[in-house]
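Enquirer: Using the sequences plus the hints, can you model the full thing?
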Amino acid sequence: AAPKVTSGARAETRVPMSRLRLRVAERLKSSQNTYAMLTTFNEIDMTNVMQMRAEYKDAFLEKHGVKLGFMSTFVKAAAKALQEEPSVNAIIDGDEIVYRNYVDISVAVSAPKGLVVPVLRSCEGMNFADVESSIASYGKKARDGTLSIDEMAGGTFTISNGGVFGSLTGTPIINPPQSAILGMHSIVWRPVCVGADRAIVARPMMNVALTYDHRLVDGREAVTFLKSIKESVEDPRRMMLEV
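If you're matching positions, the sequence shown starts at 288 in the working numbering and goes up one per residue.
Think of the hints as simulated: they come from the structure by calculation, not from any bench.
Bear in mind the structure is a predicted one, so any value in this text is a computation, not a measurement.
From the three backbone atoms N, C-alpha and C, an ideal C-beta is built for every residue, glycine too.
Treat each hint with caution, since some may be false.
What the hints assert, rightly or not - Capping the alpha-carbon separation at 30 Å, the derived lysine-lysine pairs in DSSO-like fashion look like this:
hint, residue 1, residue 2
1, LYS354, LYS344
2, LYS400, LYS316
3, LYS514, LYS344
4, LYS354, LYS514
5, LYS428, LYS354
6, LYS316, LYS514
7, LYS316, LYS428
8, LYS427, LYS400
9, LYS344, LYS428
10, LYS350, LYS517
11, LYS344, LYS517
12, LYS428, LYS350
13, LYS316, LYS427
14, LYS427, LYS344
15, LYS400, LYS354
16, LYS350, LYS427
17, LYS428, LYS400
18, LYS517, LYS354
19, LYS427, LYS354
To be verified - Estimated spans, in silico, between C-beta atoms of each pair:
hint, residue 1, residue 2, range
20, LYS344, ARG485, 27 to 37 Å
21, MET339, ALA423, 10 to 20 Å
22, SER420, TRP476, 28 to 38 Å
23, ASP431, VAL475, 26 to 36 Å
24, VAL488, ASP437, 42 to 52 Å
25, ASN320, TYR386, 19 to 29 Å
Expert: What follows is the structure, encoded as structure tokens:
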């Protein structure tokens with residue numbers, strides 16, 4: 288005899304996938320099938336950025352009306368690195384490589400119906416306040432479900448911050464037709480060697496990952512790109528002085 292099934296026990300519920308979820312699934316699988324994806328990793332000492340934020344967050348909020356977060360630092364660092372390594376900002380179109388002299392960064396934002404990636408346009412000309420204001424505006428629209436297609440179209444590079452959910456490390460998937468994506472992760476205090484005497488101290492460290500299309504971006508360029516972001520975030524003055 289068939290076993291008796293208790294009502295509610297081991298139940299299954301089937302629901303149709305949303306159009307957004309279907310589209311995301313289609314694009315991500317297409318990315319896996321098309322790109323020669325490779326991921327390189329590094330770690331960033333967040334000490335100076337955290338000190339800068341603690342020192343200026345109140346004045347920043349008072350002047351610009353928006354909170355100073357970490358994303359603006361990474362967006363500006365990425366914009367600088369993308370200009371230094373143009374292949375990371377390029378795409379393959381048929382048998383041609385298209386180089387862009389502008390930097391439009393897609394920022395992955397969690398919305399009630401799934402992940403959306405609004406685009407910050409011309410990031411090379413933005414300051415920290417511009418970036419934070421734009422992200423805050425897009426975040427509100429994502430929660431309200433009012434983001435337009437135009438606001439999510441395009442983009443030459445993507446930044447995804449899994450750290451807000453506690454991710455320690457990961458390998459992000461490229462957002463087609465872009466050629467690379469930066470993955471930020473959670474900040475964890477751990478012992479590191481610093482200074483000429485290699486003293487062991489506790490520092491707030493973040494793992495970062497760059498997944499890139501190896502058909503277009505060579506390993507040297509990818510590693511140099513991620514190292515540039517590391518140097519800019521660890522010493523934000525480099526971005527102010529453009530060095």
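Enquirer: None of the hints should be skipped; say for each whether it holds.
Expert: Here is how each hint holds up against the structure:
1. For the hint linking LYS354 to LYS344, the alpha-carbon distance of about 7 Å falls within 30 Å, and the restraint holds.
2. For a cut-off of 30 Å, the pair hint linking LYS400 to LYS316 stands: about 19 Å separates their Cα positions.
3. Distance hint between LYS514 and LYS344 is fulfilled; the C-alpha atoms sit about 27 Å from each other, no more than 30 Å.
4. Annotation: proposed proximity of LYS354 to LYS514 holds, straight-line Cα distance about 27 Å (limit 30 Å).
5. Between LYS428 and LYS354 the alpha-carbon distance is near 17 Å, which keeps this suggested pair within the 30 Å criterion.
6. Of the pairs offered as hints, the one joining LYS316 and LYS514 holds, with about 29 Å between alpha carbons and a cut-off of 30 Å not exceeded.
7. For the suggested pair LYS316 and LYS428, the alpha carbons sit about 27 Å apart, so the restraint of at most 30 Å is met.
8. At roughly 14 Å between alpha-carbon atoms, LYS427 and LYS400 fall within 30 Å of each other, so this suggested pair holds.
9. Between LYS344 and LYS428 the CA atoms are separated by roughly 24 Å; this keeps the pair inside 30 Å, and the hint holds.
10. For the proposed pair LYS350 and LYS517, the alpha carbon gap of about 28 Å is at most 30 Å, so the pair holds.
11. Of the supplied pair hints, the one linking LYS344 and LYS517 holds, its CA atoms being roughly 22 Å apart against a limit of 30 Å.
12. A C-alpha spacing of about 23 Å is found between LYS428 and LYS350, which places the hinted pair at or below 30 Å, so the restraint holds.
13. With a C-alpha separation of about 28 Å, the suggested pair LYS316 and LYS427 falls inside the 30 Å cut-off, and the hint holds.
14. For the hint linking LYS427 to LYS344, the alpha-carbon distance of about 21 Å falls within 30 Å, and the restraint holds.
15. Distance check on the hinted pair: LYS400 and LYS354 sit about 25 Å apart at the alpha-carbon level, within 30 Å; holds.
16. Taking the CA atoms of LYS350 and LYS427, the gap is about 20 Å. The hint holds against a cut of 30 Å.
17. In summary, the hint linking LYS428 to LYS400 is supported, as the alpha carbons are separated by about 12 Å, within the 30 Å threshold.
18. For the given pair, LYS517 sits about 23 Å from LYS354 by alpha-carbon distance, which is consistent with the 30 Å threshold.
19. The straight-line distance between the Cα atoms of LYS427 and LYS354 is roughly 14 Å, inside the 30 Å bound, and the hint therefore holds.
20. Our hint of 27 to 37 Å for LYS344 and ARG485 holds, since their Cβ atoms are close to 32 Å apart.
21. In this structure the hint that MET339 and ALA423 lie 10 to 20 Å apart at CB holds, the actual value being about 19 Å.
22. SER420 and TRP476 have their C-beta atoms about 30 Å apart, which keeps the hinted 28 to 38 Å range intact.
23. With their beta carbons about 33 Å apart, ASP431 and VAL475 fall inside the hinted range of 26 to 36 Å.
24. Separation of VAL488 from ASP437 is about 48 Å and conforms to the stated range, judged on CB atoms against 42 to 52 Å.
25. Remark: the range hint 19 to 29 Å for ASN320 to TYR386 is upheld by a beta-carbon distance near 25 Å.
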